[in-house]
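**Q** As a plain string of letters, each chain reads:
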Amino acid sequence: MTIRTRLTLWYAGILTASLLVIGYGTYREIDEQMRHAHRSEPTERAIGETSEMVFQVGLPAVLLGLLGGWWLTRRALGPVKKLTDAATKIQERNLRDPLPRTGNGDELDQLTKVFNDSLARLDDSFKRIHEFTLHASHELKTPLTVLCGEIETTLRDETLPPAERERLLSQLDEVRRLSKIVDGLTLLAKADAGQVTMQFETVRLDELVRDNFADAQILAEPQSIKVELQNCEEISVRGDRHRLRQLLLNLADNAVKYNQPQGGVTVNLQRVDGFAEFTVANTGQGIPPEILPRVFDRFFRGDPAHSQTVDGCGLGLSIAQWIVSAHNGTIKIESATAKTTTVTMRLPMEE
Amino acid sequence: MNAGGSNFSMRVLVVEDEKKTASFVRKALQAEGFAVDVCHNGDDALAAARATPFDGIVLDIMLPGRDGLSVLRQLRERKNVTPVLLLSARGEVNERVEGLNAGADDYLPKPFELVELVARVRALTRRGGETKSTVLRVADLTLDTLTRQAQRGETKIELTAREFRLLEFLMRSAGRMCGRMMILEKVWDYDFDPGTNLVDVYIRRLREKIDAEFEPKLLHTVRGAGYMLKQAP
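Chains as they are written, first to last, in our numbering: chain D, 68 to 418; chain P, 212 to 444.
Everything labelled a hint here was simulated from the structure, so no lab data went into it.
Take the hints with a grain of salt, since some may be wrong.
[To be verified] Among chain P residues calculated to face chain D with C-beta under 7 Å, some are: (1) Asn291; (2) Leu319; (3) Pro322; (4) Gly406; (5) Val412.
[To be verified] Which bits of chain D does chain P cover? Going by a derived footprint, with three or more residues having C-beta under 8 Å, they are: (6) 78-87; (7) 115-124; (8) 205-211; (9) 275-285; (10) 316-323.
[Claimed, not checked] Below, a sample of chain P positions facing chain D; criterion: calculated Cβ distance under 8 Å: (11) Ala233; (12) Arg237; (13) Gln241.
The structure displayed is predicted, hence computed values, not measured ones.
Every residue gets a Cβ at the ideal spot worked out from N, C-alpha and C, and that includes glycine.
Produce the entire structure from the sequences given, and follow the hints as far as they go.
**A** Set out below in structure tokens:
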């Protein structure tokens with residue numbers, strides 16, 4: 068029950084009670100006067116006159132009062148509703164847009180001010196985190212370049228003993244892995260700061276899906292995983308071709324990596340509810356329901372044991388999620404049974 | 212590796228303020244037979260480019276004082292058409308576009324792999340000199356880019372469209388090291404690292420088709436560097 072309904076009901080109750088008190092008072096007064104005038108059967112007449120007064124004057128007054136009360140609560144609580152509506156729209160992205168203030172210094176205006184101040188502090192913290200990530204990843208790039216370059220230079224020495232070469236190659240692998248992580252981190256930090264611009268154009272999603280399907284088949288082959296393209300309806304979307312390809316490849320790659328030998332991957336693209344819906348389903352270990360909501364988190368690895376065997380930077384799904392939301396789409400991941408995992412992505416279609 | 216000989220007399224200017232990076236880039240290019248000059252800031256680079264005709268310039272964007280993009284614009288304003296490879300630690304798509312618009316010929320984000328840089332400099336300095344022939348040949352492997360036919364000796368080889376592009380790229384760069392990023396860029400048109408082993412898997416397939424049943428082996432893997440198609444081991 069809203070505050071407004073509650074207040075109105077209370078108010079109605081109070082008015083009704085007052086009406087009863089006034090009615091009773093009036094009755095006593097009339098009765099008294101009549102008894103004073105020595106009239107016969109004063110009680111019945113008094114009741115008649117009282118109810119006449121109550122119904123003709125009291126009831127309309129009460130109704131008017133109710134209406135006024137209803138209006139008053141509306142006036143009083145209106146700004147609260149506005150505040151709520153505005154606060155509902157707050158997300159990490161628009162922390163910079165403060166809630167509208169009336170500026171009249173009343174209680175609600177004070178509340179809005181306090182609220183805006185905490186928003187600003189929150190925004191500031193987010194900004195600091197983003198800036199930190201961005202600067203950190205920039206600062207890491209130069210030493211990584213030097214490390215990678217110097218190891219590569221040493222490896223060019225053909226007289227290098229095999230054991231030494233092996234050690235350096237292993238180091239080089241790790242440096243490259245680190246570089247990939249830094250690349251991913253830079254991309255996401257820039258995306259957070261709104262510094263990555265997409266090159267939007269009309270893209271035939273089905274063509275990208277077909278292309279990606281061919282690559283997925285090749286990726287799956289070493290583990291004898293069967294990749295199947297169920298539907299591939301002709302659908303155009305407005306999007307960044309490179310990013311969409313990156314997204315599709317990323318999802319296909321995951322479906323193969325987190326699979327089992329002789330497993331399967333099913334790819335599907337079709338129109339659903341006016342959206343271009345792309346799904347990738349894969350066999351494998353499945354994802355326990357308790358960690359499902361976290362799989363898009365940066366560096367989140369469901370199974371720490373798994374992260375040792377599967378190569379990747381731990382940012383793939385976060386990047387995928389960013390690409391989808393930059394296209395005003397949605398992405399979700401489900402593990403219906405313990406054996407299959409389905410990623411469903413929806414993008415708005417282009418007319 | 213492919214030392215000496217082919218790049219002889221090619222002169223490259225490396226503009227990089229980070230001393231260690233400048234040093235190993237210089238070494239790597241010298242190992243490939245390039246003559247290398249190094250500058251640590253933009254003004255020196257402009258003066259050097261004015262004094263010496265270079266075959267290519269490796270230009271870092273972040274330089275103290277005058278930055279790389281400004282150097283590049285100055286060069287182009289002076290009608291200097293030396294091929295330029297931009298290096299950048301920022302690695303933004305926009306920056307790539309901005310660099311290419313300012314007149315750069317190629318762009319490589321940091322951290323880069325040395326083999327990528329060397330391959331790109333080589334491609335840069337050879338630009339225009341690349342074979343235009345429609346039939347490519349390495350040992351008894353031939354690829355007809357018009358009929359899209361591949362053949363090893365007398366045996367016809369069936370290739371998918373992607374495998375064809377990959378083989379064509381490797382054959383056009385025969386005898387030279389090809390890094391993964393460069394392959395991804397030329398064959399898949401990816402200008403980012405998708406973080407998969409797509410290239411390795413495709414190479415394995417291609418090797419099964421062109422090398423498995425034949426001698427000598429042509430497609431070689433150099434661990435930590437990339438792939439090379441050539442006759443000798």
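**Q** Taking the numbered hints from earlier one at a time, note which ones the structure violates and give those numbers from smallest to largest.
**A** 1, 2, 6, 7, 11, 12, 13
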